[in-house]
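Undergrad: Listed here are the chains, written in short residue letters.
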Amino acid sequence: MIYALIALGYTMVYGVLKFINFAHGEIFTIGGYVSAFTLLALGVSDSMSFATLAGCLLLALLGAVAAPVIVGLVVERVAYRPLRGRSRIMPLLSAIGVSIVLQQLIILIFGPTPITMPTLKIASAAVSLFGVRVRVLALAIIVISALLMVALSYLVRSTRIGKAMRATSQDMEAAEMMGIETDKTIVFTFIVGSALAGIGGLLVLMYYGSLKFDAGFLYGLKAFTAAVLGGIGNIPGAVLGALVLGMTETYGVSMDLGLIAWLVVAGLVAGLYVQMVRVPRHRLLHIANDRRTPDYERRIMNVYRLAPYHAVKTLLGERTDALLSVSASHAVRLTVGNIFLAATAAIFFINGSARIDTRWQPVIAFVVLMVILMFRPSGILGEHITEKV
Amino acid sequence: MAAFTQTVRSAFTKVPRWVYLTAAWVLAALFPVLNALDLVQTAWIRVGVLSLLFALLALGLNIIMGETGLLNLGYIAFFAFGAYTTALLSSPKFDLHWPFAALIVVSALVAMLGGFLIGLPTLRLRGDYLAIVTLAFGEIVRLTIVNVPTLTNGPNGITGIDFLKPLGPGVTARLQSAGLPQAVSNLLTIDKPTEYYYLVLVCVALGALLLSNLKNSRVGRAWNALREDELAAVSSGITASRMKLLSVLLSSAIAGFAGSLYAYYSNVISPESFIFMQSVIVVCMVVLGGMGSIPGVILGAIVLQALPQVIRESAGAARSEFEVYRMLVFGVIIVAMVVLRPEGLLPDKLWRGQAHEADPRELERTRQTLFDLEEGEQDLEA
Amino acid sequence: METILNLDGVSMSFGGLKAVDDLTFDVTRNEIVSIIGPNGSGKTTTFNVISGLYEPDSGDILLKGESVAGLRPDQVHDKGIARTFQSLRLFSNMSVLDNVLVGMHSNSKSGLVASMLRLPSVRREEAAMRARAQEILSMFPGRFSGPRQSQAAGSLSYANRRRLEIARALASDPVLLLLDEPVAGMNPMESHELMEQICDLRDAGYTILMIEHDMHVVEGVSDRVIAMDHGVKIAEGTYEQVANDPLVVEAYLGKRSAHTAS
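Protein chains in written order, with the numbering used here: chain A, 1 to 389; chain B, 1001 to 1382; chain C, 2001 to 2262.
Careful: at least some of the hints might be erroneous.
Claimed, not checked - Under 8 Å between C-beta atoms, here's a sample of chain B residues computed to sit facing chain A:
| id | residue |
| --- | --- |
| 1 | Leu1071 |
| 2 | Thr1122 |
| 3 | Leu1125 |
| 4 | Tyr1129 |
| 5 | Ile1132 |
| 6 | Val1133 |
| 7 | Phe1137 |
| 8 | Asn1147 |
| 9 | Gly1331 |
| 10 | Val1335 |
| 11 | Val1338 |
Stated by the list, open to error - Have a look at the derived ranges for each label pair, beta carbon to beta carbon:
| id | chain 1 | residue 1 | chain 2 | residue 2 | range |
| --- | --- | --- | --- | --- | --- |
| 12 | A | Arg281 | C | Arg2029 | 35 to 43 Å |
| 13 | A | Glu181 | B | Val1310 | 41 to 49 Å |
| 14 | A | Thr293 | C | Asp2022 | 15 to 23 Å |
| 15 | A | Val336 | C | Arg2130 | 34 to 42 Å |
It is worth saying that the hints were derived from the structure and are not from the lab. We put the CB at the ideal spot given by N, CA and C, even for glycine.
Bound-form chain A, shown alone (with noise of 0.2 Å):
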């Protein structure tokens, strides 16, 4: 759920930007360290009074905001804005750079150990809920993020910046003729994704006791997944790509592999049906009238349903007829994966009774990554696109 606060933030200003912001993780990063060496520096501990206590939360709780928009600023001025309108691989180098030296000014600051904040009864107070013992910052935590997502969807959609920042996303040359300080709507958008991340710096210690100087990097590539999980650029997204890739990652750690061999072949019955049923059938609505002949539909059919030998046919034999021709490579092309699941289901089922080990829970996110990303980039709730040609 920690997720969902960093993947609002990415989702922010990839929405409006259209880039990926790399440094998010460490803008995080810098939430939590700056808001653990404010409770340090207060010496906050159970033995204050409450109004005390919640007083230097509340103080703390102003650093993890404050420290990240200050720098969430300067980055966009110093790193960001001048290379507006440049190609995509250019401000996405830069922002690696950025993620470079903020982590090790982070060490060069508050060294390289990680930093721990003093032990509090109320970040390990736990509740019974259900018969189940849940920590109550667990409960806040997610709280805190469905009110924020709330209120950044309200934000969004219905205020006077929400509406500009919109409109900035959508065409940044004609919102501007539109009388949009785009300039302006950018530094806001930095602003709220920095603010969030700072929170969610600050949650993460509380709830973890300790943060590293290179936590931003895994955290922020966690939450730019469960963006893109989500859809990017989309608000509820977020917040359901973190849930999703939360529990994944829970429940994915403990899971045999004989369970995952089931989903793979789960998936190669999918393939199997876009191959033989769905994609054939979406291929014969472009047959013209005049050529719809039942042979000419067969033999498309037999292309996608027979593909190893009738799609190599196909494309060594008759390379004048386009629609037989794409049928057929994209059919080999469907093959050819559906033998990759297979393949994959299979070893799986081999090594059956193995368990996945916890040091494999970094992969888990990571593969997840690389599958939506392959399979699916507009995420589950959808992004919203707008490429001009």
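Starting from the known structure of chain A, fit chains B and C onto it as the hints suggest.
TA: Here is chains B and C on its own, set in the frame of chain A:
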């Protein structure tokens, strides 16, 4: 003063490019002589070998990043493929001792296979997504290496990799037993830094030559066209998927080749050498030198690999603290280069760094279109 | 006369909007056909469908009797359809000459390894390509001479960029040349000059389908004019016939007269 700089600059540009290039190669070739004359320490030759190895790697990355315009953030994974292939097939781990010639080819092929598997499904992705997917791929490869100790010894790495014998162990042994003079038979085993230096230098020179041939050819132009404008490129008859795959295959083969040399040279390899930061460093080399410029990326690699050593020697800083500053400088270099001088230190001739520039007439047209649209809307309302 | 291009009931829609609706027309060899129509009438979508950027929802596109509907853009280019873009899409960081050479991609075949080794066959092909590129560039006398050729395409003047796009499209010796608003943004003198060059191309044996807003140019070069509105072909014939067609007049002027009425 201004006139003076002008004169100096024009004097520099008057000298043809090839003079500089030849001079650079000659200097590089003479470098070990300084060592033989006891003017520099052997440690510097080692720095030279690593710099050149990274130059080879940067040349490979430049193909996909500079020429084809696809950002690969997991490039070090292909280097790892090459290094581990060589290490596994020529070490006590499985007691296999394949000859050098076979291994260097097999390593490149394994890396190519990796490139093929990752490239096939991902190359149609947009640039920034592709970058992230390759990053994830690189991390998956590294974590797999760490997590499968039966094959790779996990985090401990593989030790005791064979010495590099260009003619293969069998032939070398037979020749040596045939009673060759000591000096000659020593040359049959490449184990001294100087010998490695020349081996890698030749590889870099050869790579630079072949790749610059490629640059001004049909394939190179197709890559450049895809980088500049994919839509226009496919409309000019370029099969985007095939050309991109070709670019990935070639660049991963070079990385595999370099990885193989690295395994021989360092004798020990472990997953630490293949972390994400290493990928970023190679990216940094390409950006610093100039994307798409062959002399540029070689220079970038040498500067970034050798310079930190120079600084460390002179500053005498402690290792951990030094690492922090080194990475800090890398980060600053990337940002500064991208923002201030995107064409790099030694730019490719034509790089102007601006994909889109506003043309007043074009702006006028946009405005006109907007106006038309608005008018259309009003019509609809009426 | 041999039919080069034949569109047969082509439809293309985006969401609910029918951008091209059951469009049927022919282009015969050595002919210049212009498509006119108000903004948003589906002209550029038609071009995108023909050149393979979009796959038509239904209908067929035949090039010399052979179907090209559903092929990828590069395959369509291989079959012999080359195009230019309304919003200039040059390879800005490549030289003028290289831009033209890229256009010859489908007509050449040097592979990766051969190019790396610079085999004699590669050298021969390269030399032939360069000679041909010179020939094509010299069609625009004085525009791309000498040092200009090694200049970056992005540094050219606006009119020269339009010319270079045409040169790049011509480089593959296309069966059919698609020009999307070739004189857009040019001044009257430049557009007049380009008009004559387009006519020269027809005399050299090319077949051209073009979209143009400038009626002066349409009148000057077209053998035949097709008018579109809302994705539908509303008129076809000589310039005079189309210009006087009541439907066309309404498509262009109707809105405005409706405006004054209300």
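Undergrad: Now look at each hint and say whether the structure bears it out.
TA: Verification of the hints:
{"no.": "1", "hint": "Leu1071", "in the structure": "holds (5 Å)"}
{"no.": "2", "hint": "Thr1122", "in the structure": "holds (6 Å)"}
{"no.": "3", "hint": "Leu1125", "in the structure": "holds (6 Å)"}
{"no.": "4", "hint": "Tyr1129", "in the structure": "holds (5 Å)"}
{"no.": "5", "hint": "Ile1132", "in the structure": "holds (7 Å)"}
{"no.": "6", "hint": "Val1133", "in the structure": "holds (5 Å)"}
{"no.": "7", "hint": "Phe1137", "in the structure": "holds (7 Å)"}
{"no.": "8", "hint": "Asn1147", "in the structure": "holds (5 Å)"}
{"no.": "9", "hint": "Gly1331", "in the structure": "holds (3 Å)"}
{"no.": "10", "hint": "Val1335", "in the structure": "holds (4 Å)"}
{"no.": "11", "hint": "Val1338", "in the structure": "holds (4 Å)"}
{"no.": "12", "hint": "A/Arg281 to C/Arg2029: 35 to 43 Å", "in the structure": "holds (38 Å)"}
{"no.": "13", "hint": "A/Glu181 to B/Val1310: 41 to 49 Å", "in the structure": "holds (47 Å)"}
{"no.": "14", "hint": "A/Thr293 to C/Asp2022: 15 to 23 Å", "in the structure": "holds (21 Å)"}
{"no.": "15", "hint": "A/Val336 to C/Arg2130: 34 to 42 Å", "in the structure": "holds (39 Å)"}
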